[in-house]
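K.L.:
Here is how the chains run, residue by residue.
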Amino acid sequence: MTDKPSGLVQGTLDMLILKTLDLEPMHGYGIALRIEQISKGVFQVNPGSLFPAFRRLERAGFLKTEWRDTENNRRAKYYVLTERGRKELKSETREWGRQITAIARILETP
Amino acid sequence: MSLRQHIASGLRSLLRKEQVERELDEELRAYLEIAAEAKMKKGLSRDEALRAARVEMGSVDAVKEKVRHAGWESIVESFGQDLRYGLRRLRKSPGFTAVAVLILALGIGANTAIFSLINAMMLRALPVEQPKQLVQILFHGWGGTGSHTSYPDFEDFRDRNHALSGVSAVFWLNPPLLDARLEGQSEPISGQLVSGNFFPLLGVHPAAGRLLTPEEDRAGAGARVIVLSHAYWMRRFGGEASALGRSIILRQTPFTIIGVAPPEFKSVTPGYPPDLYVPFTTEAVFHQPRTWLDQRRYHWVQILGRLKPGVSLPQAQADLSVIYQQMLEGGTKPDWSNKDREEFLSQRIRLEPAANGFSDLRRRFSRPVFVLAGMVGLILLITCANIATMLLSRAITRQREFAVRRALGSGRARLVRQLLTENLMLGLAGGAAGLFLASWLSSFLALMVSLGQGHVQVDLRPDGWALVFTLVVSLLTTMLFGLAPAWRSTRMGVAAALKSTPGILGPALGHLRIGKVLVIAQVALCIVLLFGAGLFLRTLYNLEAINPGFNRQNVILFSVDPTTGGLKGHQVADLYHRMLERLHSMPLVRSASLSAVTPIWGGGMNTEVWVEGYTARPTEDVVVHVNWVSPGYFTTLQTPHLLGRDFGPEDTGRSLKVGIINQAMARYFFGHQNPIGKKFGWTEDGEKREFEIVGVVGDAKYMDMREEPPRTVYLNCFQDELGAMTFEVRTTIRPASLVSEIHHSMEAIRGTAQLSNFTTLEAQVDESLGHERLIAVLSGMFGGLALLLAMIGLYGLMAYAVAQRTNEIGIRMALGAQGVDVLRRVMGESSLLVLAGIAVGLPCALLGTRLVTSMLYGLGSTDPITIVGVIMLMAVVALLACCIPARRAIKVDPLVALRYE
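Protein chains in written order, with my numbering: chain E, 149 to 258; chain Y, 593 to 1493.
For the record, the hints were derived by calculation from the structure and aren't laboratory data.
Where hints are given, some of them may not hold.
As the list claims (entries may be wrong) - Distance ranges between label pairs, derived from CB positions:
#1 A1395/Y to Q247/E: 56 to 62 Å
#2 V996/Y to K238/E: 55 to 61 Å
#3 R234/E to S637/Y: 53 to 59 Å
#4 A965/Y to E243/E: 56 to 62 Å
#5 K238/E to E610/Y: 49 to 55 Å
#6 R608/Y to R234/E: 24 to 30 Å
#7 K684/Y to Q247/E: 52 to 58 Å
#8 G687/Y to E243/E: 58 to 64 Å
#9 T160/E to G969/Y: 30 to 36 Å
#10 R638/Y to R234/E: 37 to 43 Å
#11 L1068/Y to T160/E: 55 to 61 Å
#12 G687/Y to T160/E: 49 to 55 Å
Unchecked claim - 25 Å max Cα-Cα, derived DSS-like pairs, lysine-lysine:
#13 K225/E to K1160/Y
#14 K656/Y to K225/E
#15 K656/Y to K212/E
Think of the CB as a built atom: it goes at the ideal place given N, C-alpha and C, for glycine as much as any other residue.
Same shape as in the complex, but just chain E (with noise of 0.2 Å):
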């Protein structure tokens, strides 16, 4: 059991959490689900990352919470993306994006 999901980069969970939450608020582990299944089962997310993030996301202002009812009517501890936490997420993946595009070229370079 590696304390980091497997192969995710340092710091990038926070982002992939708050992509997650710009679609629809949702509980901690539809959280970790859906990254998992968007990512075709690369990324896997214990809990012992995932609600460590949770509390420093919801620390800086990007998360609320609110408890909700899922669909088989059990309560559960939903999270919602802030105004800011889509701000955050925007200048995030713009960085990302960023690093990505120079860490290609520099790949490519023969």
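Using the hints provided, position chain Y relative to the given structure of chain E.
P.N.:
For chain Y alone, kept in the frame of chain E given last:
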């Protein structure tokens, strides 16, 4: 905004901890449920799904721990937890806690006490304006370094310098020079002559009335006014304002009290607070019959100056040196040889910062105090080693606890933090106890210091600096030396620690190795301290055992000054004769005599002499010590008569002036010739004085016990003008019991004369050895403390080693080993440690004690007796320390030991 949120949210979690916890629990439970539901959809049964979800999640507690760590509040929180937990742990092992706190208290207490002493005597700045600008002048000549000069020299420095904004002269007035009376009663006080600009120079403001002004200190017209110290004002006048304007009679001259110095200003000479301040130019009142103000020969004035703003110490020194060189040039005589002139001119001055006052006390005590500081420093090291050993063995026994905690999700840093928190608590408790101990030890120190010559008064109450010092020392001791054990003991893998039984696991042996090194270090440091203590104790013993040339037992001393009562000329002599007669008639008095100076009083009089038939080179040291004594002086002090006769009634003011010399003087000036009948003398105030030698007596120490008896001449006091004298009374019983009787018998004949300063010769000699006793007693105490600590350290390690090896010993015994074999092993091991400690410690000790060679007497710094004694003491104590663990080892029952497996 974000930071504020951070703090707010952190505080919320701290304050509403339970709610936050509950929410997290609920969230995690929901997570598990939802995960299980998802798995059930894939076809697993509910139980299987739940189990799979749990496996995926891992330890719930570990997750929670990680979440908690995401915010800053967790540090505060865990610190609180650590405190509570640590307190519980410490309470659970009261023995360990008590011993550790005690050890810390001893080590820290000793250090704080000595620091307070250094602080009070050497570091604390005077409570005056800009103390950093204050300087004093020191004089380096062939006679050594001194801070005294003549008044004309002072005037030259004052009037001709360009570097100082002010210069003040200071001189001590003590009884009998200062004979003070208030309302007809004699007052036992001390005072200082100071220049009129003394208080303005310091920038000190009065607590009442006003202070001296330069106008009151005009040459030849010193005003008869005095300023009281605050302490004396409170003591004698209860702080009443009515004291102002009253008169105190000093040497039959009334002085008016004009003001009181502020309470915080105690003295410019740390350790010696004067009761009153007198204008310098009233000096003639005290130096009767003749003033010293115009005498360049008498060096008695201390100089305190203040640097002009912007002038540095070296600049001022250069400026004053030029003046001093000119003064020296003026002092040379044309008939001197070139060599003598050069030697005379090579005298130098040095300016020293005086921010903490005149350095008398610093100079006198700096050596002993720094030696003591070194010793307590070593004690602190031993304490550290000891604490480290204890923490180490304790940490090992707790290894399983740590393993369990790590398995439950605790990080290693967290464990180390936990241990350090415990150390912190130990350190603070030890520091607090140490402070308590230090205040007690300080009063003892103050007593020891004040017992020496001159009755030093040191303010040893711990101040802010002492508190800071204690805090820093306690934290350093426990945190620094607790870090290594904490780090090591949390290092091992979880699985290994859980699997093994405490007692036979590998890493413990590694810990033992550190423990061994620590014990060797303790023994080595202990050897250094013991060796030092041994040398100082033997020095004190030697000094007390030497024959000073007189018998100090059963001699009462007391002083009389009939001149303050108005008696003159032969009246004084008559009074002395009557008193001596009366004393001789007392049944328990064997003999009685008079003298101007008593042995080992710490002061005296010396002069350059010419001797018949001896030609001295111009700069040859022909100084001899002088004493005026009555007939019977040598009998009373039991100094042997070697040649000639004693003084007798036949020597009168009108007959030939006679003197008796001691052996040292006879040997120096006459060699093997008979000195009887030869003449010697000197010039005093332009008047030639001449004496004929009528006797030779044995050598006796004059100023202190360390000196070689100096060349001394004794003159008949009844052939000279008589002033204040001291009586020596040899009694046949213990002297203390006769004091009141003597008082009583003198009552009828003493008239206006007062008897004062009752003491015994033995007490006077003891007092002169105050330093030596201070060092010997304290170093002895410190040596004992070191021994105790080393013993605890050795005992702790051996007890631990035996406990660790219970199984091993059991197996050995089961296989046929005898108790003796086991004993030999245990004792052999500890002996090796002690031997290693001695082998390391002894060279260090020999190296270290070289620094104190000059403080020893009658033995070298490599004194073999001390070496052997110290080693034997260490060996015996080490043996004792190992006894209990060894006994426990023999008592190991193989069956019980093996059943532990």
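K.L.:
Now, for every hint given, state plainly whether the structure supports it.
P.N.:
Hint by hint, here is what the structure shows:
Checking the proposed 56 to 62 Å range against A1395/Y and Q247/E shows it holds: the Cβ atoms sit about 59 Å from each other. For the hinted restraint 55 to 61 Å between V996/Y and K238/E, the CB-CB distance of approximately 47 Å leaves it violated. Hint check: R234/E to S637/Y, Cβ distance near 42 Å, so the stated range 53 to 59 Å is violated. For A965/Y paired with E243/E, a C-beta distance near 60 Å keeps the hint of 56 to 62 Å intact.
Against the hinted window of 49 to 55 Å, the Cβ-Cβ separation of K238/E and E610/Y comes to about 37 Å, which falls outside the hint. Taking the beta carbon of each, R608/Y and R234/E are about 28 Å apart, inside 24 to 30 Å as hinted. Distance hint for K684/Y and Q247/E: a CB-CB separation of about 54 Å, consistent with the stated range 52 to 58 Å. For the hinted restraint 58 to 64 Å between G687/Y and E243/E, the CB-CB distance of approximately 60 Å keeps it satisfied.
The supplied range of 30 to 36 Å is broken by T160/E and G969/Y, whose beta-carbon atoms lie about 55 Å from each other. Range check, R638/Y to R234/E: Cβ separation about 39 Å, and the 37 to 43 Å hint holds. At about 44 Å, the beta-carbon gap between L1068/Y and T160/E misses the expected band of 55 to 61 Å. For G687/Y paired with T160/E, a C-beta distance near 54 Å keeps the hint of 49 to 55 Å intact.
At most 25 Å may separate the alpha-carbon atoms for a hinted pair to count; K225/E and K1160/Y exceed this at roughly 110 Å. As the CA atoms of K656/Y and K225/E are separated by approximately 16 Å, the hinted pair is consistent with the 25 Å bound. A distance of roughly 19 Å separates the Cα atoms of K656/Y and K212/E; the hinted pair therefore holds under the 25 Å criterion.
Going through the hint list in order, the structure does not satisfy hints 2, 3, 5, 9, 11 and 13.
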